[in-house]
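Participant: So the sequences go chain by chain: A and B.
Our numbering puts the first residue of the first sequence at 1, with every later residue one more than the last.
Our numbering puts the first residue of the second sequence at 1, with every later residue one more than the last.
Among the hints, a few may not be true.
Straight-line C-alpha distance at most 30 Å; calculated DSSO-like pairs for lysine-lysine [to be verified]:
1) A:362 with B:92
2) B:142 with A:241
3) B:455 with B:492
4) B:92 with A:386
5) B:92 with A:333
6) B:142 with A:333
7) A:84 with B:492
Please keep in mind that the hints were generated in silico from the structure rather than gathered at the bench.
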Amino acid sequence: MSDLTDLGVAAIRDGVRDGAFSAHEVAEAFNANVAKAKGLNAFIIDTPEHALAAADQADRDRAEGKLKPLSGVPLGIKDLFATKGYQTTAGSSMLGGFEPVYESTVSRHLFGAGAGMLGKLNMDEFAMGSSNETSAYGNVISPWRRSDGGNAALTPGGSSGGSAAAVAARLAPGVTGTDTGGSIRQPAAFVGITGIKPTYGRCSRYGMVAFASSLDQAGPMARDVRDCAILLQAMAGYDPKDSTSLQLDVPAWEASLSSDIRGKRIGIPKEYRIEGVPEEIDRVWEQGIAWMRDAGAEIVEVSLPHTRYALPTYYIIAPAEASSNLARYDGVKYGRREMPDKGGLADMYQATRAAGFGAEVKRRIMIGTYVLSAGFYDAYFNQAQKVRALIARDFEQVWQHCDYLLTPTAPSAAFAIGEKMADPIAMYLNDVFAVPASLAGLPAMSVPAGLNDQGLPLGLQIIGRAFDEQGVLNAGLAFEERAGFTARPESWW
Amino acid sequence: MADASVYRIQGATGEWEVVIGLEVHAQVTSNAKLFSGASTEFGAEPNTQVSLVDAAFPGMLPVLNEECVRQAVRTGMALGAQINAWSRFDRKNYFYADLPQGYQISQLYHPIVGEGSIEIEADGATKTVGIERIHIEQDAGKLMHDQHPSFSYVDLNRSGVALMEIVSKPDMRSPEEAGAYVRKLRSILRYVGSCDGNMEQGSMRADVNVSVRKPGEPFGTRTESKNVNSVRFIMAAIEYEANRQVDILEGGGSIVQETRLFDPDKGETRSLRSKEDAHDYRYFPDPDLLPLELTPAFLEECRASLPELPDAKRARYEEALGLSAYNAQVLTAEAETARWFEALLAEAALKAGKPETQVAKAAANWLISDLFGALNRLGRTVEDSPVSPAQGAELLALIGDGTLSGTLGKQVFEIMLETGQDPARIVEERGLKQTSDTGAIEAVIADVMAANADKVAEYRAGKDKLFGFFVGQTMKAMAGKGNPQVVNELLKKALG
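Pulled out of the complex, with its shape left as it was, chain A reads as follows (with noise of 0.2 Å):
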């Protein structure tokens, strides 16, 4: 049965719902594809259990008419989502063998719908990175390779880059990924698939280790907008234990789709076009917008005035705010605690935080400590901030002209892994098209368009309005017709 795990979440669900197999099979067929391939990387630990009870609770349930939204489905869960009982690490060796007695929000919603876990992925150190290479449980391997005949491993993509390569392996039909800066979108374009941020608030952030709190972000990944909808549908809701979540009703995502786009207006932001960027990313971004144009839609050109400074703002923002939220890692209450012989509480402090936190961490608590300091604070942090009030009104403007953008995900294709981890500049690169959606905290999605000439697959990336989700799905469903996108990596692991 293991064309099984070539189902995604909507096959899945309604296959279990009508008899056509059981979610056991379901759960023992990904279960399988996990134990197969360890050479991806794509789990920290693997929960075969977690997804066997689940599924034998949704059989269960069928046979006693009470199926849940998310029956028979296994998902990966993230490893930056607390899971009670399991160990959640965010991917640092700080939290290495952490298991909280609490569950995150999100992952209850989704065990309360019926899901299973298949395990907890992979993830760059508590989700700084782009590649997965900060992660200290070793790099995840992307499931593709360039069709230049050589074997180059490449990166997933981060931070969610164990969530986007069990995606495109199909060791799980949907997951749970987590955004700051793109770290949903990117590693989705790099495999793939498909990947929704969706508006800051939606999900509650109770439980999911921060990284930046003003830009964290849970949102699901999958093979297509349906699954997206499925999934995020379940995971989002108020949280009265998130101060920052938003008090409204979730709604009926999946039973509104519609690629029915027509006199929609979609508007290309001149200043996206950025020199530098391959030449391939152009062209799937031209064929992007001639599909869009095929359903209907009306293409404006518009403008996003402050773009240019996302990047630099990001960069100030997030590591300012990680600066602080990690600084409750010091060996004191939980997690790793190095104590030097004879050393005192200072001693104590440096030695945990030197062992525990790996190199881009520090890097960014540095960054982060020195943006804050005195002297400093106004010529960065706070210029930032008002910075980043102007990227917001730049969004604001532009809906005026037209319901969505349609832009590239990332500035390339999946990169090879040791390629840019010597030059964090480039690295950071990779969120030029991802982070001013987040410093806006809109809705924003990545869909696959096509393949470049090395057979890597490339995304495009929808952005809405404040809460419109929907709208974000829709046109993504409307794109993802058009781009029939069906290429898959070839399994070599």
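Since chain A is already given, all that's left is putting chain B on it; use the hints.
Facilitator: Frame of chain A, contents of chain B only:
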């Protein structure tokens, strides 16, 4: 502002003036912590009142406790202060083992309460001390260094408890003024019910800012003595610190802006850290919390819930009840005293069937002289008084209607203190009732006169002073129960 203080330090180079500002940290009265549901009760076993939020577990988020906001707003209103309908929380970042998050959530840039003031009386004058601001913030945990030979332990019960930091302007000029300010502030907080003011339990403590200058000159460099936890220590810290500064300046030195620690055992302050190695707290808006916006309805509810405050109450006692300034001051200084007095007054008026204004003076006098005297003797306060306001009112009524004389009243009161019994019952069971029965009194007088015929003769011959002797003899014969007024009248009549 009346700058009446003449407190001066006499230095070798002349007089020095002391300039004092206080930052009082007051624990907000609330069942739960500022950002978590954990209990705030004092004295629990270590680490039994700690939520996942207080211990800063990964992914935990603060959720603001509205009751703490309400208490801060009510406090601001009681101080006549500006209430900021829009305020915000900031993170104050530093590492310490009693601070699980690695930052304290506080309000630096936009506090919830702005400028206000407090009227104090000190050094024989009335003075207004300005309030700069009040903000709300989290308390830290507590390190314990005596539990293990080589490790310190940490108790997080206090971690996350809500504090109000009440910052005065540098308006005080003497230790007495600072003491009066803290006592008045404490009194107001207790009236409002926003802080229990218990300095021994750490519910209230002050950072004391002190500088000195030659009168008329600009402010000098100040030092800050942290966490001083009694009025006496605050005054002692100021005195020590001001004299230390004068000595340094007159010796040709200069004052270093620094944080100091007051040692109550030695009565000294000592340097904790200088400005150079002061923390860089890297304050920034807490992204986990939305700005705090107060609605007009919420503000109205806070205002409506405020009790009558000590200054207003004192004015009313003087003007409407006709009490002396001294009595009004004594009765209003503590919320509990005023509450006790008002309960006594209401009962006394009811029992006497008279308006409160007509029984107020007697009630005030009895409370201040008799009750306070007894409580002092017993080492008790009105809160654990063995006599209730209703019992006190009953006693006053018995005196008022002539059932008891003043002397009998004191006797009955002593029995009440001992037994906790109602005065009417005591009077009844022990037959302590005063008699105004003229027939009975006349009979006693006749006996007294018969037994002292010589004295009667002397009196009638003009020795008026003997009248007191007859009163004494008559009262003695009646075991003190004769109505003194009636005894007087009848004696005059009988002696002619």
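Participant: Would you mind marking each hint as holding or not holding in the structure?
Facilitator: Each hint tested on the structure:
Using a Cα cut-off of 30 Å, the hinted pair residue 362 of chain A and residue 92 of chain B holds, with the two alpha carbons roughly 20 Å apart. Proposed proximity of residue 142 of chain B and residue 241 of chain A is supported: the alpha carbons are some 26 Å apart, at most 30 Å. Taken as a hint, the residue 455 of chain B and residue 492 of chain B pair is honoured in the structure, with Cα atoms around 14 Å apart against an allowance of 30 Å. Distance hint between residue 92 of chain B and residue 386 of chain A is fulfilled; the C-alpha atoms sit about 21 Å from each other, no more than 30 Å.
Of the pairs offered as hints, the one joining residue 92 of chain B and residue 333 of chain A holds, with about 20 Å between alpha carbons and a cut-off of 30 Å not exceeded. Only pairs whose Cα atoms come within 30 Å are accepted, and residue 142 of chain B paired with residue 333 of chain A is accepted, the gap being roughly 14 Å. Of the supplied pair hints, the one linking residue 84 of chain A and residue 492 of chain B is violated, its CA atoms being roughly 95 Å apart against a limit of 30 Å.
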